[in-house]
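Engineer: When you get a sec, could you build the whole thing from the sequences and use the hints?
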Amino acid sequence: MKELTLETLIAVFQEMFGAGLFWALVAAALLITAGWIYVLFRDRSLGMRQFLIAQLFMPLGAVLAVWFVMAMTDSRLSDIGGPVDLIVVLGIAGLGAVGGAILVYTTERLFFRKATPPA
Amino acid sequence: MPGQFETSRRSFLGLLAAGGGAAALQVPQAQAQMRATHARIVIIGAGAAGTALANRLVRRLEGAQITIIDPRVEHHYQPGLSLVAAGLKPARYVVSQTSDWLPDGVSLRAERVVAVDPVAQSVTTDAGAQLDYDFLVVAPGLILDHDAIDGFSLDMVGQNGIGALYGGPQCAARTWDAAARFVEEGGRAVFTRPATEMKCAGAPLKHSFLIDDLLRRAGNRGAAELAYIVPQTSLFGVPIVSEKVRMLFDDRGVNSIFQRTLTSVDADRKIATFRDQDGGLHDEAYDYLHVIPPQRAPDFVVQSGLSWADRWTDQGWVACDPATLRHNSYPNIWALGDVAGVPKGKTAASVKWQVPVVEDHLIAAIDGREGTATYDGYTSCPLITRIGRAMLVEFDYHNNLVPSFPGMIAPLEELWISWLMKEVALKATYNAMLRGMA
Ligand SMILES: Cc1cc2nc3c(=O)[nH]c(=O)nc-3n(C[C@H](O)[C@H](O)[C@H](O)COP(=O)(O)OP(=O)(O)OC[C@H]3O[C@@H](n4cnc5c(N)ncnc54)[C@H](O)[C@@H]3O)c2cc1C
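Which chain is which? The protein sequence lines are A and B, in order. Residue numbering for the first sequence follows this note's numbering, starting at 1 and increasing by one per position. Residue numbering for the second sequence follows this note's numbering, starting at 1 and increasing by one per position.
There could be a bad hint or two in this list.
Computed beta-carbon distance windows for the label pairs [claimed, not checked]:
| id | chain 1 | residue 1 | chain 2 | residue 2 | range |
| --- | --- | --- | --- | --- | --- |
| 1 | B | L401 | A | G91 | 20 to 28 Å |
| 2 | B | E243 | A | Y38 | 52 to 60 Å |
| 3 | B | D314 | A | A27 | 54 to 62 Å |
| 4 | A | Y38 | B | D104 | 36 to 44 Å |
| 5 | B | A373 | A | F17 | 26 to 34 Å |
| 6 | B | L401 | A | V98 | 33 to 41 Å |
| 7 | A | L77 | B | E62 | 47 to 55 Å |
| 8 | B | L401 | A | F22 | 26 to 34 Å |
DMTMM-like mimics (lysine to aspartate or glutamate), calculated; alpha carbons at most 25 Å apart, straight line [said to hold, decoys possible]:
| id | chain 1 | residue 1 | chain 2 | residue 2 |
| --- | --- | --- | --- | --- |
| 9 | B | K270 | B | D287 |
| 10 | B | K427 | A | D74 |
| 11 | B | K270 | B | D147 |
| 12 | B | K427 | A | E7 |
| 13 | B | K270 | B | D150 |
| 14 | B | K344 | B | D396 |
Simulated from the structure, these hints should not be mistaken for laboratory data. The beta-carbon is built from N, C-alpha and C at its ideal position, and this holds for glycine as well.
Structural biologist: Pasting the structure below:
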């Protein structure tokens, strides 16, 4: 690879998913993050109950993310061939876990807040 | 807990700011490089190389008359052919339209170049058109000389155990028809490569590795014998890679036979005939045969006197400086891509490194100065060793390994991440390159 700038990376990801889906994914990620920041500021505290539930979804998010990538790329877990591969898998799992937790937490606080007041 | 959220929120905002900052820095720079000119630039070939260059030139030149000539309506993403021929992608995975990739401000002529007159500075097409140029970029790729193999033609591919994935999307799909039958039935597979220079010298190896893996997945490896029979004296042009592949072939049970060139095929008897260096002929029985034909520059290159006089005389690659790709006799002509007469560099990844060099020298020539960018032979090939693993082999003119991610992605390890590069990132990077973005 000749030069790895942010511009190149964006261009590559755009080609990977198609420009429409890529920007839709970016928008979704931004929206969820914005929602999450919004509820953090709005509530000025963490809803412990929702946070716990969100944490319970972390393993699910991790497994789903790894499964998705493996299925999309004709790969199996036995293809892990070195430390860097393990780091990539753990990274994907980590992203899936954190992303899943944020999604679940934000959804709970945004839409089910009245039913479950903060602890 | 809130502390943790604080940190990630801050780093998230930091990332956004960094992204915005980088974007803000890049835009004015690109604008500052615009040149006003009336130069007539002709590019022969709208493949990987011609298209990428055209997209970059329009962004740097104002008023230039840029013409790109290519009769082929379809654009082929050739690195995907290996995946098609292993049943991992459909033929359409590699097909798009040539015109899809070309920017406004470049005129495409769907004609074939039949002659270049480098003294009069003009190009003639099969439609009889004559185009005068100030600067010429020769990027017509190469010719697959299937006729050089007696008894073989592309319409045989897919039947009687014959594969030839270089022949294009349909041939690669039919190669998979033949290969899939072999994977089910077993027998003897013979993999070949030509004595000439070839694009992506890793492709014959990848195909062998993939067939081996598919046989194992089908539980049929015990019923098959794999032979890799080639004219060269080693498995790969770069010695350290060759040694690694030798070890992998030992591990997988692939037999190598060197210094044998495929000369003819008898499809009825399923016999492939090879010539050794003393002229002796050797018959090899096969149940699956993979053919890669000799490769040469298009005829017009040789006939127009653009080829090397003393090197590759049977192949006709353009005589150019290996560092600048500028023609040795005609300073307003450059070679780009597979057609260039340089020792390495017949991959799309090389094109990515060559294009900015030709761009730099061409624009410098318009300005009346000398360019400074140089190409050192960068060539890369994610060498698939099984479905799900590859080696990210990158090297230069000097047979040095030049890893893009040193200390992170080991070039001679079979890794999943290198497979991801080939299967996911390569096409995206290739497309970004076509658009002049990478
Ligand atoms: C099976 C296979 C696997 C590969 N794998 C990889 C890989 O993993 N990684 C990698 O980096 N590279 C790979 N490559 C190599 C890569 O595809 C080529 O190096 C790259 O396409 C070269 O670009 P080019 O523009 O020189 O030629 P091309 O992309 O072939 O384009 C040449 C264009 O010129 C046109 N043309 C020809 N003659 C004329 C004429 N007389 N007048 C006008 N136009 C003409 C043609 O129609 C064509 O459109 C692979 C190639 C093959 C075949």
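Engineer: Quick one: are L401 of chain B and F22 of chain A within 26 to 34 Å, going by C-beta?
Structural biologist: Between L401 of chain B and F22 of chain A, where Cβ atoms are some 33 Å apart, the hint holds.
Engineer: Given the hint that K270 of chain B pairs with D147 of chain B, test it: the Cα-Cα distance must not exceed 25 Å.
Structural biologist: holds (18 Å)
Engineer: Please test the hint of 52 to 60 Å on the beta carbon pair from E243 of chain B and Y38 of chain A.
Structural biologist: With a Cβ separation near 58 Å, E243 of chain B and Y38 of chain A satisfy 52 to 60 Å, so the hint holds.
Engineer: Is it true that L401 of chain B and V98 of chain A lie within 33 to 41 Å of each other by Cβ?
Structural biologist: holds (36 Å)
Engineer: Straight-line Cα separation of K270 of chain B and D287 of chain B no greater than 25 Å?
Structural biologist: OK: K270 of chain B and D287 of chain B at ~7 Å, within 25 Å.
Engineer: Against the 25 Å threshold, does the CA-CA distance of K427 of chain B and D74 of chain A hold or violate the hint?
Structural biologist: holds (16 Å)
Engineer: How does the Cβ-Cβ distance of A373 of chain B and F17 of chain A compare with 26 to 34 Å: does it lie in that range?
Structural biologist: Between A373 of chain B and F17 of chain A, where Cβ atoms are some 32 Å apart, the hint holds.
Engineer: Looking only at beta-carbon atoms, does the pair D314 of chain B, A27 of chain A fall within the given range of 54 to 62 Å?
Structural biologist: holds (56 Å)
Engineer: Run the distance test for K344 of chain B versus D396 of chain B: straight-line Cα separation, threshold 25 Å.
Structural biologist: Status holds; Cα separation ~7 Å.
Engineer: A range of 20 to 28 Å was offered for this pair. Does it hold for the Cβ distance of L401 of chain B and G91 of chain A?
Structural biologist: Holds, since L401 of chain B and G91 of chain A (Cβ atoms, about 26 Å apart) stay within the stated range.
Engineer: Would you check the hint for K427 of chain B and E7 of chain A, treating anything up to 25 Å between C-alpha atoms as holding?
Structural biologist: holds (17 Å)
Engineer: The hint says 36 to 44 Å between Y38 of chain A and D104 of chain B; measuring C-beta to C-beta, is that right?
Structural biologist: holds (42 Å)
Of the hints listed earlier, there is not a single one the structure fails to meet.
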